[in-house]
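Sequence lines, in order, name chains A and B.
All residue numbers for the first sequence refer to the numbering used here, where the first residue is 18 and numbers rise by one.
All residue numbers for the second sequence refer to the numbering used here, where the first residue is 22 and numbers rise by one.
Source of the hints: derived by calculation from the structure; they are not laboratory data.
Take these hints with a grain of salt, some might be off.
[Unchecked claim] Looking from chain A toward chain B, a few residues come up when the C-beta cut is under 7 Å (computed):
#1 77
#2 264
#3 278
Since this is a predicted model, take the numbers as computed values, not measurements.
Ideal Cβ positions, reconstructed from N, Cα and C, are used throughout, including at glycine.
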Amino acid sequence: MKSDTVVSRKSIFPFRVKFEQRISDVPKWYPIALSFAAVVVALLIGAIVLAVGGGNPWATYAHIARASFGSVGVFSDTLVKATPLILVGLACTVAFRMKLWNIGAEGQFFVGAFGASAVVLIPLLPETAPNWLFIIAMMLAGMFCGAIFGLIPGLLKAIFNVNEVISTLMLNYIAVAWNNFFIFAIWTEGGFQMSKVFPKNAWLPRLTDLGSEYPFFRGLTTHFGLIIAIIAAVILWYILNRSKWGYEIRLIGDNPKAANYAGIPIKKHIVLVMVVSGALAGLAGMSEISGVVHRLQGAISPGYGFTGIIVAWLAKLNPIAVIFVSILFGALILAGREIQPSGVPKMIQGVILVCLIASDFLIRYRVKIIRNSEEE
Amino acid sequence: MNQSTETLVKENVIEMRGITKRFPGVLANDHVDFDLRSGEIHALLGENGAGKSTLMNILAGLYKPDSGNILIHGKSVAFASPKDAIGAGIGMIHQHFMLVPSQTVTENILLGLNEPRFIMNLKMYDQNIVELGEKYGLPVDPKAKIWQLSVGEQQRVEILKMLYRGAEILIMDEPTAVLAPQEIEILFNTLHNMVGLGKSVIFISHKLHEVEQISDRLTVLRKGTVTAQGIEAKGVTRADLARLMVGRDIIFSLEKKPCNPGKPVIQVENVHCLNDKGLNSVNGVSFEVRSGEIVGIAGVAGNGQKELADVLTGLRKCSQGKIIIQGDDIANRNAKAGIRHGVSHIPEDRTHIGTAPNLSVTDNVIMKNYTKKPISKGWMLDTPSAEIYARELKDVYDIIVPSIDTPVRLLSGGNLQRVILAREISSEPTFLVAMQPTRGLDVGAIEGVQKLLLLQRDAGAAILLISEELEELISLSDRILVIYEGEIMGEVFDGNIDEIGLMMTGTRQNQLLKSGEIHEI
Ligand SMILES: Nc1ncnc2c1ncn2[C@@H]1O[C@H](COP(=O)(O)OP(=O)(O)OP(=O)(O)O)[C@@H](O)[C@H]1O
Ligand SMILES: [Mg+2]
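Bound conformation, chain B alone (with noise of 0.2 Å):
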């Protein structure tokens, strides 16, 4: 074997060889190899549904191959559960955090283990667990409870139980998609000192110039097979991964139109609501967005943007304020009255509000529309006429799925995302609130997904763009708004990113502008 020569760089921690795995109608892994080399960072990239998290999951012992074998420091292995894969130190981080909400950080990180046997002296516990995260950067309070917790800081939590159970490789399935880019930075660090005290970490992300900023080396898988294997991340550009995760080049650039703003779709008013916990969280908004037009709103992650999008599309009561659409106030009305008069909504949590996860893709995305015709017919559901509907939006939106029966659960994480954003753009809303739209997307779907917020904006429909990713949102947007703590700080016409950053920290911009720190041109 070629392992001789590699033990002179470094030595080869893990080494999967000819992987397959196969499910009913989609080849997930087909022949894959990927080796991981001890204290490196190695980026898995690939299109939505390309097998990364599958290749993960067989890694992790969750899944089993059904050919191809794995090498842990040259000794094969077969796990037959996560247990054996995490006591040959292998442990996984999946996108959707498996944490108890009502417990404390300390409980999480113990259940499971056989120590301690019943829960006594969790003081002790306790300081073990500040003392593990002080050692690699993840500064938790070991006694609040999860649902206290930020997504960053729920991510540390699961990162802790994987490092308290001796982990020395470490999966992390699209960390970053949920994390605000200030989260990114700290988890960023983590990584660092991880991989200094000798750890090795897969990381699988769609964003190419984070790969390009922490990984040493990157695999790139395309449909289920490997089309780079363990190249040196240094030297490569995004062209080059554009066209090996996709096969044809991708233009990263956008076309707009000038914007030709109408009337006012939505007029918001004062709103204030709380939050899930009963606190402020939108104090006082108010703007407008007019047909035919982005408007973006920028901010920090929890600062109100998900409240806002609540209420917006009747998700949520507000506690004041009107939200008028063509002329009628749905405040405090529920989601029918907003979808009634064309309103959109892409939220923010795809699995728990999005879908149904047992329910066929069909089922999925009749949700809004199962009431109009043709799919409704009478008290009846036209049954072939949603088949027909749901298979033209798995063409156009390239949902990746075996058929359109398949219980959307078993959807890879993008394409999950497909199905949500076939279902509310195709339906050519009036109104569309979008929120992260593109998060979990490959390159290829991004590009896509943009070209689509746009076309329905030239085709007159008024878009609030919510989203943490600044690139995205002066790209796409028209004006920005900025939120700081629930209230709008500012607007901004010319993306000037300075000026959004400021305002994002909770400076407003009247202030700015006597401070003369930037001059409205």
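Chain A with its partners taken away, still in its complex shape (with noise of 0.2 Å):
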């Protein structure tokens, strides 16, 4: 064992901070406890930053509040943002898993807004198509194009040992080119860099569609997408926890020599989890599109990509947990619109994931603070 003990080597106070190692196992509860702790002095932290720039820090947390979770319409629109977050925590959730670091969830994102646009503008079906219809079409060709973008650096790493964090993020590159070329060049409409808008039997079902019914729902653009994210989630949670493939990726994840030991085809499992990654982050990218946006265009991901592998670190990879994490940084992301200016709450979101990685040091060290005049 190397360098255990780190010494703050302040003599001036009659303090000292030293952090040991931990020994034994952490309660469960802890880790999540932790995580709550780290969100709130992330705030705090936030807090002090407003202060010092002449800002009321509690006028705006306020405001933030009020501008995601203040009222049903804007809880609905909180709901909005976190859904795409919800899917593309899943993807990461289960590369990560597998210690498999695909950051290329925002290119997938991208690809899957293609694949279900094509639906509509090639078209693959008639306009005439029935709602239900369009919804699974768009979202198995969504699925399947981000499945592609999984797939080629899954095969590349399987076959040539490529580093998959280089090549995924590569591939985002070339994910908002491709898009690119088809909003300017092909789908656009009228020169303008967007295509046309989808009919209306291409969107996915929101809460105010059925307004005219329950008047409560009107305004409220809440999406048939987050059923969808809420289903994946609780699939997924079921499939890594308790069918033979989750406890396969489980043991590659923890001991990949183990589980070649054991027969587990490990390349096979890089290719699958990685085409199931990118399938889940190409639905996100589906379920924006049909959703809320309703035709291809550049501006369509505000960083969801990016901010899922946020999502999933602070969900500790659990599919269940990604939810909720989703909705605090759905929160975020609104706040952001209304607040000016709009780097406040991207600052928070930073803050809180600095929060969290300094965070997983206090599971594997402690904090004693010992007065100097009983130094052992």
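Since each chain sits alone in its own frame, please combine them into the complex, following the hints.
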């Protein structure tokens, strides 16, 4: 064992802070409590920054809270933002469980959106096709395209041992350029950098569509994608924790050599996991296109693919926790539109991430405060 | 205190008083007293899970006791980290080494020290290390990279690392478990050198003859409590020790039914393969193992045994040759092909290959049969039956663990080995490759495992037993093949130790016959 203690050497203070490596395991509730604490600390740090910048932190937070949870209307908007995050967070969760660092969810999201749009714009289905058929076809097409963008790095890794971090990152750029090509050159509407609006039967149903029957839902934009995302989370939880495939992923993630010894084909699983991860991110793209944007255009993601990485991490790779974390981050994204400067929620997001990563340290180390006089 | 009387004999360098340590679900140490005199080799004995490693981890500053205190030279100390312990002159060498494979010996020894601040002028340090090694009889090449060294050499580096940090007291946790007999001799010489120069050594081992050979005094633990504290090693018999450890008498002889071999289960024909460094390691090995027999492979460590085991179980590609199991050639397929033909494998490396450390006992025991009913239910895993299975194995194989959900990295060394044995033997293999199956087990468990192996043999399994312990090989095997530099030197049916010994050093059997040294009966 090397350097197990980090001692701060400030002897002016009557106390010293000492970090000791933990030997025994922490109780089950500890990581969860720690994550909550990290978020709270992050908000406090954000408050200090706001105060130093001359703002009123409490007013800002109150505003953020009101802007994202304040009424049924804004909460519905928060859920709209959370929907793609859940799916992308799930995409990252599957891959990270096997220690496959898929950071290409953003690109997979874009090609998923492309695939879904292609159903309408090529068109693969006539405009008069029923709504359910459109939804199923768009889901399949979106997942298929996302899966292709997962398959490529998966194959590269399995066959040539190409680092998936690099290949998935690069594919992000390709995906954006690919979409742009179609937006600018092929499906452009009157020279604008966007396609025509999809016909209504290619839209995911929204709460507001029920407005005529239930006035309460009028104006609420939460769409069917949320249901899809939650179902996906539950299925994924079930698969990861109860199926043979989930067991194999766990085994490979913990010790690939033992998995190999147990006769599990690791390469096959690398490809498979990347395909599933890509498909989930592609589904997120489909849900966004068909549930919110209703046309293919350039700006469809404020970095959902990257935020998904944070979401998965914060949820400790638990699919059910992904749902709740996504709602928190959906709120922050939404607040970004309400608050000026819009950088504030982004800053808070960043601080939350840093605090979370730092809090991991406390799972492995224990803090001890020692009075200098009682030096051992 | 009784210290005044003991000073007459030799000064106590360490006294541990009333040490108690509880882990969730286990009382690992229960008011343990232990003392170490200067210049002695003190053996620490006990069954698997008795709390030996825990007690020593406490002494080395890795764990904190729940209660009790430690005195060094009569002064009370409390360690917060291994650094504090090494500062007080206590160094521990763990069973699993903690060296950086890609770095040199010198770099590894200097790692984590304040001096030098930057790695510069390594020549001078190289020289220092060579001198230190010569002083204690620990020859090493300071410029060699760790991955190039044998296990025994790596252990020497660990010892040097501790000596370089000024250790006066060396704790060795099962140091001989990973060594070949020749390396054990070297280690014992080193230990004698060190106590001659005034150091003290605590030595953990399950091998009673080693304890008799090297230790001055010994302490025995049973289920966390002391059953014999600091008794003189002279005059204590193996039977006494076994009784102290296990609490019952152990019979040191195996009842072996006559061998009744059936049809060949596996035929190995002219197999060649490379080792991890890309060098020829198995060079044209042919043999067969029939159902209902145990074939032993004897040889000095590093003569291709591990690679042979890997090839036979599908973990390594072979460059030439055939491996036919039940009429099917499985050479250059994968582990799965072997598992499907009922091949089981007890690997040499239990932490890196044999288990997944962060997964539970349940997840680890179902590793080979989760695709079979009843644990497999369609594409699902039937959790209740997996748990029933795990609980059953825990009872039958006496795995001491608070619950089957405990991650296996928290198991004691011997209990981890039992997890692997339970998984591999309970699958009722047609062909079992067992590499050092009893390594790290206590005497009681060794007896149990040997019986189980014989039971499998009598039930018709073909067993290939690879071991460096000749005694075990001879008592279990029906015939023994001797391997040297990846080639089979010959075959012994009667357990003739001299003949095996000569072949292990590279003399072929036909040469022996020619020169008339051994007469075939
Ligand atoms: N960090 C830990 N957390 C929980 N339980 C532990 C931990 N370390 C050890 N134990 C438990 O404490 C008991 C004593 O373990 P220890 O490693 O001291 O045994 P040991 O005498 O060294 O056995 P062996 O001969 O098998 O190595 C075991 O039941 C083990 O499972
Ligand atoms: Mg131990």
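Do the hints match the structure? See the list:
no., hint, in the structure
1, 77, "violated, 41 Å"
2, 264, "holds, 6 Å"
3, 278, "holds, 5 Å"
In this structure, only the earlier hint numbered 1 is contradicted, and the remaining ones agree with it.
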